[in-house]
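A.B. asks: Can you build the whole structure from these sequences, using the hints too?
4 protein chains.
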Amino acid sequence: MVEPQLPRYADLPKADGGARSGWHLFGADDQVGLMNLQTPERIAAAAALVHSGEVYPLGATLGQPDPPLFGRGAPRRTQLEPRESWYFDDVHDNLFPQAGSQWDALGHIGFREGEFYNGATADDIRGGRRNTIEHWARRGIVGRGILLDLQATAPEAYDPASSKAFSVDDLERARIAAGVEYQPGDIVMLRTGFLEHNVTSDVASRKSQSVRTTLKAPGIEHTEEMAEYVWNTHASAFVGDNPTVEVWPPDERPEAWPFGYLHYMLIGQFGLGLGELWWLKDLADACTADGRHEFFVSSAPTDAPGAVGSMANAIAIR
Amino acid sequence: MVEPQLPRYADLPKADGGARSGWHLFGADDQVGLMNLQTPERIAAAAALVHSGEVYPLGATLGQPDPPLFGRGAPRRTQLEPRESWYFDDVHDNLFPQAGSQWDALGHIGFREGEFYNGATADDIRGGRRNTIEHWARRGIVGRGILLDLQATAPEAYDPASSKAFSVDDLERARIAAGVEYQPGDIVMLRTGFLEHNVTSDVASRKSQSVRTTLKAPGIEHTEEMAEYVWNTHASAFVGDNPTVEVWPPDERPEAWPFGYLHYMLIGQFGLGLGELWWLKDLADACTADGRHEFFVSSAPTDAPGAVGSMANAIAIR
Amino acid sequence: MVEPQLPRYADLPKADGGARSGWHLFGADDQVGLMNLQTPERIAAAAALVHSGEVYPLGATLGQPDPPLFGRGAPRRTQLEPRESWYFDDVHDNLFPQAGSQWDALGHIGFREGEFYNGATADDIRGGRRNTIEHWARRGIVGRGILLDLQATAPEAYDPASSKAFSVDDLERARIAAGVEYQPGDIVMLRTGFLEHNVTSDVASRKSQSVRTTLKAPGIEHTEEMAEYVWNTHASAFVGDNPTVEVWPPDERPEAWPFGYLHYMLIGQFGLGLGELWWLKDLADACTADGRHEFFVSSAPTDAPGAVGSMANAIAIR
Amino acid sequence: MVEPQLPRYADLPKADGGARSGWHLFGADDQVGLMNLQTPERIAAAAALVHSGEVYPLGATLGQPDPPLFGRGAPRRTQLEPRESWYFDDVHDNLFPQAGSQWDALGHIGFREGEFYNGATADDIRGGRRNTIEHWARRGIVGRGILLDLQATAPEAYDPASSKAFSVDDLERARIAAGVEYQPGDIVMLRTGFLEHNVTSDVASRKSQSVRTTLKAPGIEHTEEMAEYVWNTHASAFVGDNPTVEVWPPDERPEAWPFGYLHYMLIGQFGLGLGELWWLKDLADACTADGRHEFFVSSAPTDAPGAVGSMANAIAIR
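Protein sequences, first through last, are from chains A, B, C and D. Note that this note's numbering numbers the first sequence so that position 21 is 21, with each residue one more than the last. Note that this note's numbering numbers the second sequence so that position 207 is 207, with each residue one more than the last. Note that this note's numbering numbers the third sequence so that position 22 is 22, with each residue one more than the last. Note that this note's numbering numbers the fourth sequence so that position 66 is 66, with each residue one more than the last.
If you're looking for bench data, these hints aren't it; they were derived computationally from the structure. Be careful, since some hints might not be right.
Selected chain A positions facing chain D (in silico; Cβ < 10 Å) [claimed, not checked]:
1. Pro67
2. Arg76
3. Asp93
4. Asn94
5. Val211
Glycine residues also receive a C-beta, built at the ideal position from the N, C-alpha and C atoms.
C.D. replies: Following this line, the structure appears as structure tokens:
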């Protein structure tokens, strides 16, 4: 497929709720969305960003956050000693791929109930017919990453366990501080400080964060202005060290739809990759140390047919 | 740590059973083995091998081979529809990370019963104190990959479901055909044709392959000459599209130890990364098509503390 | 429902394959089959069989046979120490209720592919709409048990790991030795010696038994004569200490249908409860010791909606 | 072992915290506690209580309460269609035996941290060496049940989702209304109305009940007077349709120990069987209807070596 010239948000067709629609730009049958922008040319160019050869795994230790958020379960690993021989083996149970550092597939959530990216239905997702993770897994997620350190560039310090909402200005400030311009297909990483704060908090705090109704987390504001900004970057993915990239809690009142919970737009209309709860601390510190905020990113989602997400399995290389 | 000048096999200290020992070359406490050779300089050089920007995920679809080999279980995924909202979620049970495309950690198997790489004990592995996968996960596995197409360069066609043993000469023939020289830290990939044959076989054949005593698979021969050759490449990892890199079945008679089952040497003495059951077909075909057999490889093992293996989560980029 | 006067086998309507049909005797919508014969009157009478107050749990230890038969998995239990307090808790994974002492529900297998007891379809079972275990669970399985010791009364000793087929004469001999007459609603228990042999065998033998194609087990012969005999007992359930009550292997050739694998008739046409792999040794020894071969039986299958079997959860009281 | 003449509470040896100790009455190595009182004589006598032959399974449907209480997980069942043939099979994951109708084993919780019934240590429980469920499973739990309908006999109606504490007078009132005297070895069942209320509540209420800190449930008061009363019944088990038999929340302040959370005494000192979240509604209604409040009870806990609890697997027969 020849890549289309992506329109600006203001030029996208209108959708319900005052929104704009990113559907069908890559064809009626497309199910990888903005990942289409990760073209071989851009990937090759991104590889050229590797200078020092430093490697930053971006996945938190399995089992973090502990307890998991949103009622997901904690993984159980059993070590086996098969009797055929004297080696060790493992088996994982209760492994929620989206309980830790993760990708939301385009089937994870839609524009509204029953209506998913590019017009897929809930039964399409249940049946694994559209928008599920294997389509990303089979192409890999590879490209240029840029890191915007929202925490370091915030005008005032904030509590990383609060509902701090970052505005377009905040993102622009961080981008300018990083010295980068957006390029189509980028994997944009936002450091808010949430995860590093969570893993160093006491049990009571972590338990409070694990509950949907008491969780508070910084993230991008849920406004149409922010949706427009995100689209106009023409990124393939936005990634945060926070639970949902956007500020938590969302505004789930019907009258706030579809911008009150930006997932509806980002995943359901834009087909944007969202990476959540990634471990960005070490990478961000390295970016700060030498001022290079762009790098190469490689992620291999699990090729689990019909699944709506995956562990991140991601690495940045500078 | 300054990288040591690695000796040739013949210059390694002697170990029991007529073997040579790779222990302690990276320090008495080392638990990542030859992955130490993946230095920033080599990683940066490997990134420069990306030319066309083609991406090759190297993990087979979750659930393949089906049934799994060696009595491992088949993964179960349950799709959830949490009642808090109308999104989808997944949970995996019975997920054996080593049932499909995988890494063996250095705690997976030892030089002999109770004696693991660098002197770790069985209790060290049980307790997750040494040699387990998180130590690789936290540095990532990144470097130069080279592909040796043993199937395409074999002088005579063979049955990819047979116990075809590849000799040093076979590997050299494939290497020369690939036009590559070994470099320290390489991730050496061997295509034997096993996995692509397995996934296209009928149920009866796959069931037969799933049983340890009836499985036959091509791979490198289990001889000291082969052990010596592998060591002298100074690779960080050997990866196959077959169950154990080496030919199956091994020779597990006591008098054949430690070369009859080369895992004892490769993992237990050398600290070599072994990748098994990787999906190499598409990558190999691409290498054949344009003659470029070296490329960039990135893998993010799961940071599961105490685990003895991981899904491969690997990608090659050319 | 008033209990029907059950016909003799020879008076049942004809079914395909030369068989007789037990369908619809308890109504077109019935899904508990011959368990209907466990009436309050019979249960009360059975309770009067308790004399000495000895209790015999009839479930083998969880995890036996080890390995499980027919490719079922071994259970995994994880002990948890919740951080809320200092108590212990458990969670079971990979728990196949039919891997050990068990009940086959009427949805477990049918008369033929797609045709289950009383005319249920495969989709009825998949959807949990008919014949699944909760219907037995919600009435309990309670009644008079009688034990026929086929092993002790066999004219010649046999290998309990062989395909010894018991004839109608063999059952009659055991029944007469037990000094009992069949009564409607009985839970008839057959001791063959299989399970006690399995759990005391070496690993190699148990592994061989675990594989469907190498398993051999004594049990009732698969003939129409045996089907007729079983029906004419008007028992509610037949229970064995062997894998399938009937001799293993079955004769699965199309021309042997439906008597070659007696499950087709016993479950699919008769709606008979089949209990398998029960621990009958201690009970049988007690029966032999004092000559009382009838007793009270109580079982509480798990009320798991849609499931096709359950752990036995059964006790005999004498 | 000859059954000891059990002392009254006031004559038990003193224990720390002003408590009395039930340890060692059945020997220093005993690990079944008051279940020892279920003697053959009493079991035979209990069987004579069966008159009408009505059967009451006492386990709630698997998956209830939904969500489970105390952070336990919801069970997952996968229906399998093995390819060897066309039958159905099941496997359960994430099955917490104590999430629904259940038994607490004597290893579930102790008198205080690290000190369990009869002097077992936490490591004894972790290692499955003492007090775990298989010891009850291998003798079965069988005897005379009596039902005290605390809800029906309460002087004033109460909210079954409130922390209504029942006093000794309340229990005596219910006992007298039931027309029964306690007998050694009894299984005393207390109907509070909690579970039937839970399963008919809306999702929001059930979610609130599922959280330890917001759960409220009626039950016996946590006082020494109540402990004394319970002991003096010389029952083998107390069973409730509520989460912990006693009122929830407990008083976990150190100064309230060991009576503030009566489990410490009932399990840790007395070795009493506690059954929780049993489905008592239908049984209680039947008792009310004809005034017979004593009956026969049979339960077959799962013989899971090392486990600290079991599904109830219990049936009452009247």
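A.B. asks: Do the numbers back the hint for Arg76 of chain A, that is, is its least Cβ distance to chain D under 10 Å?
C.D. replies: Holds. Min distance 9 Å.
A.B. asks: Report holds or violated for the interface hint on Val211 of chain A, using the least CB-CB distance to chain D and a cut-off of 10 Å.
C.D. replies: holds (8 Å)
A.B. asks: Return the status of the interface hint for Pro67 of chain A: holds when the least beta-carbon distance to chain D is below 10 Å, violated otherwise.
C.D. replies: holds (8 Å)
A.B. asks: Using the nearest Cβ pair, does Asp93 of chain A come within less than 10 Å of chain D?
C.D. replies: Where the cut-off is 10 Å and the nearest Cβ of chain D is about 6 Å from Asp93 of chain A, the hint holds.
A.B. asks: Interface hint check: Asn94 of chain A, Cβ to nearest Cβ on chain D, cutoff 10 Å. Holds or violated?
C.D. replies: holds (6 Å)
Comparing the model with each earlier hint shows no violations; every hint is respected.
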